[in-house]
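> Using the sequences and the hints, build the whole thing.
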Amino acid sequence: MAVAPSRRFRFGRSEVDARPGETILAALARRGWPSLTRSIRYHRPRGPFCGVGHCTGCLVRVNGVPNVRACRREARAGDIVRTENSWPSARVDLLGSLDFLLPHGVDTVHGLRRPSWAAPLYQRIGRRLAGFGRVPDPPTAPTPARSRTVTADVTVVGAGRTGCEVAEAIVRAGARPVVLDRRGAEDLPDAGALPGAELLPGTTASFLNPPGADRRTPFTLLAVDTDARGVLVRSRSVVVATGAYDGALLFEGGDRPGVVTADLALSKVTLPWKETVVVGGGARAKEVVSRLGHDVRAVVAFGEISPELADVAAGLGVLLYPRSRVVRSLGHGHVRGLELARRDGGGAFRLRCRTVVLAHRRLPNSQLAFQAGARRHWVDPPGAYYPEVDDSGRSSVPGMFVVGSAAVPTSRAGPRADRTASAVLGGGGSPGPSDPSAAWPSEIIPYYRELLRERRRGKWVVCPCEDVLLDELEAAVRRGYRGIELGMRYTGVGTGLCQGRYCLPEAILLLSILEGRSPGEVGYVTQRPPLEPAPLAALAALEGELASEGAA
Amino acid sequence: MTFGRSDYRAVIVGAGIVGLYTAYHLAKAGERRLLIVDRGRLSAGGSGRNGGGVRQQWETRSTIRLAREAVMAYRRFGREFGHNLWFRQGGYLFLAGTAEELERLGRVREAGRAEGLPVRLVDVAEVEGLVDGIAPGTNVGGCYLASDGTLYPYPAVWGLYEAVRGLGVEVAFGVDAFDVRRDERGGIAALKTSAGEARSPTVVNAAGGWSGEFSRRCGLEVPNVATRHEIFATEPMKAFLEPMVVRVSDGLYVSQSMRGELVGGLTVPHRPGTDAGVPSSPRFMSAMAGALLGLLPRLAGLGVLRSWAGFYDDTPDGFPVIGEDPRLAGFVHANGFGGHGFMLAPSASRRVAAAVLHEPLDLDPQEFSPARFLGPGAAPSSERLQLG
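Protein chains in written order, with my numbering: chain A, 127 to 678; chain B, 53 to 440.
Please keep in mind that the hints were generated in silico from the structure rather than gathered at the bench.
Take these hints with a grain of salt, some might be off.
As the list claims (entries may be wrong) - Quick look at which bits of chain A chain B covers, simulated, 3 or more residues with Cβ under 8 Å: (1) 254-267; (2) 516-524; (3) 611-625.
What the hints assert, rightly or not - Within a straight-line C-alpha distance of at most 20 Å, the following computed SDA-like cross-link-like pairs (lysine to any residue) qualify: (4) B:K290 x A:R253; (5) B:K290 x A:T234; (6) B:K290 x A:R208; (7) B:K290 x A:L255; (8) A:K394 x A:A311; (9) B:K290 x B:Y204; (10) B:K290 x A:D263; (11) B:K290 x A:K394; (12) B:K290 x A:G147; (13) B:K290 x A:Y248; (14) A:K585 x A:E600; (15) B:K290 x A:I251; (16) B:K290 x A:G252.
Stated by the list, open to error - Under 8 Å between C-beta atoms, here's a sample of chain B residues computed to sit facing chain A: (17) R93; (18) W138; (19) V174; (20) R311; (21) S338.
Ideal Cβ placement from N, Cα and C applies to all residues, glycine included.
Quick look at the structure:
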């Protein structure tokens with residue numbers, strides 16, 4: 127019998143076998159829930175959360191390089207994988223006592239400055255504790271600078287269903303697009319049949335620089351591939367088809383291991399899903415329940431549970447809790463249960479579980495478009511900013527189009543691929559009217575308002591990457607630092623490794639409640655480039671290519 | 053009329069570190085009728101965009117004195133303003149790549165020594181001890197002062213903002229200042245803004261990158277030029293780099309913040325002026341990555357986390373402009389800091405306040421007076437240690 131070749135790597139003191147193409151996280155997950163890291167400030171236990179390479183829940187050190195995301199890094203034979211930011215291990219970390227010693231967190235803006243003779247001591251301790259991994263090991267051999275430059279008529283960012291449809295329509299219209307996606311070729315089922323297009327799998331878009339005002343220069347897209355090679359794509363037009371992702375949810379202990387997004391639950395990573403509670407009452411929650419089947423214990427929704435989801439749940443004997451609020455998670459390390467409350471009155475009750483899957487809110491992954499300067503508008507539900515686009519996907523930036531769930535909520539039909547393709551190739555024209563956002567009743571804001579009203583004191587982590595607490599957001603507002611721009615600078619919310627993907631959408635809603643004004647007035651923070659941490663070597667490799675560009 | 057008072061003793065344009073500190077010194081001196089107007093919001097300009105470096109190594113005596121005083125002020129900031137700047141005196145290390153650069157650093161050392169600062173020239177072995185993992189052959193030595201350091205700019209802005217508000221200073225955001233109305237004697241009657249006129253005999257131009265533009269709006273030709281500079285920060289790591297490292301040859305600078313991020317910049321030329329805003333550029337990201345890897349090759353696999361840009365307010369000779377404009381009584385300059393506003397603000401603003409109050413200044417007029425750019429004997433451009 128043929129056995130698939132194994133890729134054996136070292137994890138701490140043990141040897142782990144990975145299947146070809148499998149990520150480090152996927153290989154480790156087959157042995158149970160992995161403890162890979164601790165949180166940055168209070169050393170709270172953390173586990174894999176997003177599964178799509180954004181959060182800080184699975185950072186490991188691989189072959190001497192810190193802060194590697196185990197969910198994105200393919201396991202290779204001979205890899206040496208270690209946990210960091212914990213001692214002696216991520217599972218049993220003595221620094222975890224900081225979490226108990228500082229039950230209300232630490233005020234780094236005002237605190238730790240008295241007595242003044244102790245300030246240098248605080249600094250030494252703070253400096254030792256800060257950061258995730260240790261500095262990279264010195265290289266054994268010089269890193270070769272490797273880069274690649276591609277020029278195309280059109281760049282399509284994202285090879286999901288919509289991206290591929292648009293790319294196909296562009297090919298049909300006689301042009302040759304370049305299509306890139308951060309996922310590997312084996313994870314792109316829709317990209318299989320794209321003759322006439324150049325596909326760059328495993329290539330992460332970092333920075334989209336729009337043409338100058340005179341439009342003489344093309345779009346410049348900086349990207350990084352899985353071999354840490356710098357990729358530069360120049361094109362006259364760009365189609366952003368970066369899709370959507372599952373948002374986080376604020377509740378006490380919501381940052382515990384075992385709380386994950388639907389993105390992770392629906393990924394190729396197989397964790398022990400037994401005794402799962404799914405949060406959400408719509409199509410995404412139904413997807414998760416269908417996938418996890420009998421492992422799902424209950425479904426909790428803020429509002430009603432859709433009949434389709436109820437049908438699937440009934441067949442599996444899943445408990446349904448509509449109109450409910452997640453108050454807190456139970457347990458010390460890993461989640462052991464949830465405390466829930468009925469939103470229409472009645473007391474709190476508890477539910478035993480080992481995993482909580484968040485499938486309540488799909489958010490647009492449109493950061494690349496905002497970074498390039500696209501105008502945005504607030505759309506509720508889901509309660510998030512979307513780029514303003516017309517019915518072809520044309521944004522406010524000439525030559526840039528946004529399509530699919532990066533452009534409109536998943537519940538609505540996005541721009542049609544053929545219309546986008548002809549608008550892209552037709553060029554010219556001015557932005558058409560934007561999709562009028564209906565003033566639909568919001569679900570998430572009233573939900574958070576109730577939660578804030580009834581919450582108890584405790585560590586409510588708004589920003590898990592930087593361990594920023596709800597108390598700190600409240601303090602900022604109380605002191606008069608209003609709006610997300612000041613809130614971010616005052617508290618550090620959104621300044622961590624996920625570039626605010628998980629905390630900023632929630633922080634905008636929370637600030638809107640705390641400040642008593644609309645989310646539009648609270649504002650938005652455009653993610654600073656690169657959109658995802660990009661290795662220095664890959665950026666440096668593009669130096670020669672970019673040096674020739676004039677001052678802009 | 054949307055301002056709180058019908059007339060003011062002084063109106064300050066710019067609520068950055070220089071404007072706030074100036075208001076603070078004036079309020080402490082007993083002036084209560086003060087207004088600060090700012091076109092943006094708190095920390096939106098250079099005071100929220102700088103790398104947080106504070107050094108005392110300079111080539112001229114008056115700048116060294118200002119810088120020393122600033123370091124003292126930042127050391128007691130926590131006690132005075134109740135905000136923790138995390139001012140870490142990990143030193144500043146200037147690296148020379150050639151014997152000529154090292155000779156230049158020797159002059160910096162002499163100037164510092166003359167003012168009683170223990171500036172040291174360090175050899176290659178010492179540099180290697182200070183910068184763990186520095187690539188061999190990248191330097192021939194350097195110049196080091198242990199009491200220089202880095203701080204977090206934001207808490208300084210919060211602390212000062214709260215302090216001046218507590219002292220009764222009015223601060224108006226989102227207000228664009230576009231001209232002054234002159235009185236019949238040729239002085240200033242009022243500041244014209246997008247929110248109406250603010251009557252005041254004194255207007256302080258502390259607008260940072262926009263100060264040249266504001267002076268010109270008021271009919272005063274000045275040589276200030278706004279230049280865009282960029283910074284990036286890497287993913288946070290455990291502490292490994294103590295000092296701020298600055299390379300003389302290309303101006304590369306990098307330090308490790310209290311959060312563990314490496315924060316640094318490098319000058320790549322951009323078209324001058326504020327029109328294009330402050331976008332990041334791909335050119336900077338790759339050039340900076342290349343320069344940093346040249347210095348610390350071990351960082352090859354480390355990720356760049358974010359980058360941003362801001363304006364330097366540059367003057368031809370690289371010195372700030374502090375004092376009343378000889379062409380317009382009551383128009384006081386507090387600008388031209390060329391990227392060093394934050395590191396000199398506490399002490400420089402004290403002189404700005406003195407200029408407002410018509411007190412004598414203890415500054416070398418050749419270095420700081422606005423008059424040096426006027427007339428036939430105008431100050432020439434000069435080469436200066438404008439780095440880090």
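> Which numbered hints turn out to be false for this structure?
2, 11, 12, 19
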